[in-house]
Amino acid sequence: MPEPQPWDDAAGGGAISGAGAGGAMDLAMDEGATLEKTPGGPGGTGPAGKPRSLWSDAWRDLRRNPVFIISGLIILFLVVISIWPSLITSLDPLDCDLAKAQEGSQPGHPFGFDGQGCDVYTRTVYGARTSVTVGVCATLGVSLLGGVTGGLAGFFGGTWDALLSRLTDVFFGIPVVLGGLVFLSVVTSSTVWPVIGFIVLLGWPQIARIARGSVITVKQNDYVQAARALGASHSRMLLRHIAPNAIAPVIVVATIALGTYISLEATLSYLGVGLKPPAVSWGIDISAASPYIRNAPHMLLWPAAALAVTVLAFIMLGDAVRDALDPKLR
Amino acid sequence: MSADHAGRHGTSAGSVLLSEGREPGPARPHAGGDPILEVRGLAKHYPLTQGILFKKQIGAVKAVDGVDFDLAEGETLGIVGESGCGKSTVAKMLVHLEPPTGGAIRYKGEDVTQLSGRALKAVRRNIQMVFQDPYTSLNPRMTVGDIIGEPYEIHPEVAPRGSRRQKVQDLLDVVGLNPEYINRYPHQFSGGQRQRIGIARGLALNPEIIVADEPVSALDVSVQAQVVNLLDRLQAEFSLSFVFIAHDLSIVRHISDRVGVMYLGRIVEIGTDEEIYDHPTHPYTQALLSAVPVPDPAAREYRERIILHGDVPSPAAIPSGCRFRTRCWKAQERCALEVPLLAVPAALRDVRTPARHDSACHFAEDTRVVPPAGLLETPEPEDAPPPPPRDDGEEGTTP
Amino acid sequence: MLLEVRDLHVEFHTRDGVAKAVNGVNYSVAEGETLAVLGESGSGKSVTAQAIMGILDTPPGRISGGEILFKDRDLLKLGADERRTVRGREMAMIFQDALSSLNPVLSVGDQLGEMFVVHRGMSRKDARAKAVELMDRVRIPAARERVGDFPHQFSGGMRQRIMIAMAMALEPSLIIADEPTTALDVTVQAQVMDLLAELQRELDMGLILITHDLGVVADVADKIAVMYAGRIVETSPVHAIYEAPAHPYTKGLLRSIPRLDQKGQELYAIKGLPPNLLHIPPGCAFHPRCPQAREVCRTDVPPLYTVDAERRSACHFWKETLDER
Numbered sequence: 002m003p004e005p006q007p008w009d010d011a012a013g014g015g016a017i018s019g020a021g022a023g024g025a026m027d028l029a030m031d032e033g034a035t036l037e038k039t040p041g042g043p044g045g046t047g048p049a050g051k052p053r054s055l056w057s058d059a060w061r062d063l064r065r066n067p068v069f070i071i072s073g074l075i076i077l078f079l080v081v082i083s084i085w086p087s088l089i090t091s092l093d094p095l096d097c098d099l100a101k102a103q104e105g106s107q108p109g110h111p112f113g114f115d116g117q118g119c120d121v122y123t124r125t126v127y128g129a130r131t132s133v134t135v136g137v138c139a140t141l142g143v144s145l146l147g148g149v150t151g152g153l154a155g156f157f158g159g160t161w162d163a164l165l166s167r168l169t170d171v172f173f174g175i176p177v178v179l180g181g182l183v184f185l186s187v188v189t190s191s192t193v194w195p196v197i198g199f200i201v202l203l204g205w206p207q208i209a210r211i212a213r214g215s216v217i218t219v220k221q222n223d224y225v226q227a228a229r230a231l232g233a234s235h236s237r238m239l240l241r242h243i244a245p246n247a248i249a250p251v252i253v254v255a256t257i258a259l260g261t262y263i264s265l266e267a268t269l270s271y272l273g274v275g276l277k278p279p280a281v282s283w284g285i286d287i288s289a290a291s292p293y294i295r296n297a298p299h300m301l302l303w304p305a306a307a308l309a310v311t312v313l314a315f316i317m318l319g320d321a322v323r324d325a326l327d328p329k330l331r
Numbered sequence: 080m081s082a083d084h085a086g087r088h089g090t091s092a093g094s095v096l097l098s099e100g101r102e103p104g105p106a107r108p109h110a111g112g113d114p115i116l117e118v119r120g121l122a123k124h125y126p127l128t129q130g131i132l133f134k135k136q137i138g139a140v141k142a143v144d145g146v147d148f149d150l151a152e153g154e155t156l157g158i159v160g161e162s163g164c165g166k167s168t169v170a171k172m173l174v175h176l177e178p179p180t181g182g183a184i185r186y187k188g189e190d191v192t193q194l195s196g197r198a199l200k201a202v203r204r205n206i207q208m209v210f211q212d213p214y215t216s217l218n219p220r221m222t223v224g225d226i227i228g229e230p231y232e233i234h235p236e237v238a239p240r241g242s243r244r245q246k247v248q249d250l251l252d253v254v255g256l257n258p259e260y261i262n263r264y265p266h267q268f269s270g271g272q273r274q275r276i277g278i279a280r281g282l283a284l285n286p287e288i289i290v291a292d293e294p295v296s297a298l299d300v301s302v303q304a305q306v307v308n309l310l311d312r313l314q315a316e317f318s319l320s321f322v323f324i325a326h327d328l329s330i331v332r333h334i335s336d337r338v339g340v341m342y343l344g345r346i347v348e349i350g351t352d353e354e355i356y357d358h359p360t361h362p363y364t365q366a367l368l369s370a371v372p373v374p375d376p377a378a379r380e381y382r383e384r385i386i387l388h389g390d391v392p393s394p395a396a397i398p399s400g401c402r403f404r405t406r407c408w409k410a411q412e413r414c415a416l417e418v419p420l421l422a423v424p425a426a427l428r429d430v431r432t433p434a435r436h437d438s439a440c441h442f443a444e445d446t447r448v449v450p451p452a453g454l455l456e457t458p459e460p461e462d463a464p465p466p467p468p469r470d471d472g473e474e475g476t477t478p
Numbered sequence: 065m066l067l068e069v070r071d072l073h074v075e076f077h078t079r080d081g082v083a084k085a086v087n088g089v090n091y092s093v094a095e096g097e098t099l100a101v102l103g104e105s106g107s108g109k110s111v112t113a114q115a116i117m118g119i120l121d122t123p124p125g126r127i128s129g130g131e132i133l134f135k136d137r138d139l140l141k142l143g144a145d146e147r148r149t150v151r152g153r154e155m156a157m158i159f160q161d162a163l164s165s166l167n168p169v170l171s172v173g174d175q176l177g178e179m180f181v182v183h184r185g186m187s188r189k190d191a192r193a194k195a196v197e198l199m200d201r202v203r204i205p206a207a208r209e210r211v212g213d214f215p216h217q218f219s220g221g222m223r224q225r226i227m228i229a230m231a232m233a234l235e236p237s238l239i240i241a242d243e244p245t246t247a248l249d250v251t252v253q254a255q256v257m258d259l260l261a262e263l264q265r266e267l268d269m270g271l272i273l274i275t276h277d278l279g280v281v282a283d284v285a286d287k288i289a290v291m292y293a294g295r296i297v298e299t300s301p302v303h304a305i306y307e308a309p310a311h312p313y314t315k316g317l318l319r320s321i322p323r324l325d326q327k328g329q330e331l332y333a334i335k336g337l338p339p340n341l342l343h344i345p346p347g348c349a350f351h352p353r354c355p356q357a358r359e360v361c362r363t364d365v366p367p368l369y370t371v372d373a374e375r376r377s378a379c380h381f382w383k384e385t386l387d388e389r
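Protein chains in written order, with this note's numbering: chain V, 2 to 331; chain A, 80 to 478; chain H, 65 to 389.
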């Protein structure tokens, strides 16, 4: 090794801390197009000497974003009550008294009673468990199945890719609700699993497309070529270079999809093919309450509001995550 | 430039016949010793297909169509050409990022185009690449230490695990970056610094050959010189052989021992920098050189510009005979019929000037198009300041 | 004077603070004159041009001070509608990337003709004829046959010619060309620059040529303004600056061009990096990279000193710089 270069620590440190932002800023002004190639955008400044990954940059962004904070708190609350519903209600959602059917708000029963005389507040709280379970499990299943197949198809290309593309076309052609009516009407189980299975079956092509596109984009980057030129194996290129860079769009779409899966479960349950009583679900409750909307609107209002807030929270979260991971959109 | 030039050499038709017995390609080995890399007839044709299910080939895009050159040990070969001439494809084939569709790349006498698996991996160690775009060539999710250290993970035999961190820090030092930056991420660096990281990665395996594809064209003017100096110094220190691909003719001249000029998938002229720049004999080289803007307003009056007409033909429909003839002011019937070989043209075989070098033109002649060197010299007064301090070190520091 | 920029300031508000992209720029262009604005990325050369054209993205950008006098009217005081009529009719811009500046779904004839329909109220048919005429003028072969072609059917050089034709269509008195040949190949660059210079002479327009290429500047410019960190550091007629730069930055740029007589030697390199616009160094912005920097450079912002009647330099030690060569 040759003799060490003279580098001045103080100046060097200063130069580098400015370099990120300076560089990004330069590009932003004179060559707008290149900005996209600068991951992290103008976020390069910061305390000198502190290495920051893009994930930590994104996290720093998220923490400052009020949309993220609000939606995050709502989701945290939902998750907590779906694990321990007894924290905020001491009643049993299936403990009903027909004599009290359709009665309005009273002490101890703030949301009133439904058509079967069950406590609407308790049922709404317990309904969160169903929704969160369906949302989370379906999203995990969809992401795993879609992410892996889409990612591999994008990476290897060729015949498998063509096959996958046609297959996703076929799945996109299936109307979700009609498919649900056909597929789920033959199922008799009252658990959440058939619904989750159905959502995964119909949802994975969407994620597969996103993952495929994202992998194809990332694959063309020179750092992947550089790894290839070094003699890196397929698995190294995929796991080390492509996956970490291609995953952001998948996370964003999956987060937004989570909200829509929750509403899909409610829709299917409303139509009578999703969850079936005695399961507790907002969709079932909305369905049961809808004939009485004029006389007893509270029966429909509370589960519907819970559903709307939940779906909205996940979609907002997805938006905030996208903004954080994709600074070029700003 | 006019047609009468062409007329004068219309009689030198023997050049092709006379040179037929010779293997096309650069004849004179350079810088002493055997070539470390011999490229013969290298080609990359991308098929053009029609139909979705039953694909039928209807033609081919001939991105690279028969390239020959030698690279001597310790030598820098510059390859210049305009966009679409295939120079980047050549670079990719040299480092096995693209399989050639024809020809051979002989590394120390062994054709490496057919290798795979372990043997390929071993060759890859010795031929490394520096990429053009410092923004896309570094994985944004990896630290600088991981990026430069990755070659050792792929080729663990080069460096035992325990010594890797030290090696990475040494490399950072060699390319003029502070070794303490090892845990930082690429986006914390500027373009020039990122390019240094890319160079350090290329050096990690101690390669013999570095293929640099436009390594400075994405950088700011004031930073380009720093990186060029770094490459120059590294070559001397590590006795590297360089293939330096660029479109900037003045930088190529500065760094190269020999220069090859590419047009539409082929090398049309190759020789030492003096031969190419001061005695170009191929019309395309002459046009290219004359078109380079000269940073001297006084040259406006001196220069004779050759303005080429028309556009470069599509590599899917290469003209017959000489591929430059559609834009050449010297073109004659013969140019459409005979492919000119890359060899010393017959007309110039007996001259004693540097015009005697390989040029794929039937009507090659020595025409100086760049203003004489003196015009571009900065007159240095007697008490000129000493030559600039060696400042290829850390950007942003005082030496 | 056709255009005069006076003490222009532009800021960008980013997540990490205020980036001062342009910090008091002064320059002027007369009819028939070519001013080259030379600078690296981030020097503010393009931002200044965008401010003149009125196409600066606000926000994040903000013009925080100064005047832009065009034919003695301050453009910054005009309303949006008035501004729009100035743009296109009296001044036009040519961009680096012709492909993304042309609408891909309209034929070039339609795009050229539209200028006449919108600004001159011509009929479609007349506008079409005008379009052919313009294409002829920028020497596009077989203009009559190609007028219906779409932008992607032209090569890069031809597209840039179409951009030039569009800019020239209404015979504006000022053209701003932002790196017009950077994306083109050398042999095509020469064609396009020649065309631009020729049309400029014919129409006696002012031309602001924004570039980082010292070679292009030397070929066509009358005078040069060198920008660094949002400021003009040197202005000069073109011949003088190449002979004897009066600012160390200009000098460094000129010396870092590989020259034939330096073959085999180390290239001169300006040390360090262009500054971060969020934290522009105090005093002279160039001082951390300047071989001549002294104490005063760290503290005092150099004004534009008068070197001679036509030259200005923002260096405390311009005299030394000039003499030392």
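Simulated from the structure, these hints should not be mistaken for lab results. Don't take every hint at face value.
Claimed, not checked - Simulated pairs of lysine-lysine, DSS-like, Cα-Cα distance not exceeding 30 Å:
#, chain 1, residue 1, chain 2, residue 2
1, A, K187, V, K277
2, A, K200, A, K135
3, A, K171, A, K200
4, A, K187, A, K200
5, V, K220, A, K171
6, A, K187, A, K135
7, V, K220, A, K246
8, H, K135, H, K189
9, V, K101, V, K220
10, V, K220, A, K135
11, A, K246, A, K135
What the hints assert, rightly or not - Stretch-level coverage of chain A by chain V, calculated; a stretch enters the list once three of its residues show a Cβ under 8 Å from a Cβ in chain V:
#, segment
12, 173-184
13, 192-206
14, 213-219
To be verified - Chain A residues, not near chain H, derived (Cβ > 10 Å throughout):
#, residue
15, E161
16, G389
17, A410
18, E412
Here a beta-carbon is modelled for each residue, glycine too, at the ideal position from N, C-alpha and C.
**Message:** For each hint given before, does the structure comply? Return the numbers of the non-compliant ones in rising order.
**Reply:** 1, 2, 6, 8, 9, 11, 15, 16
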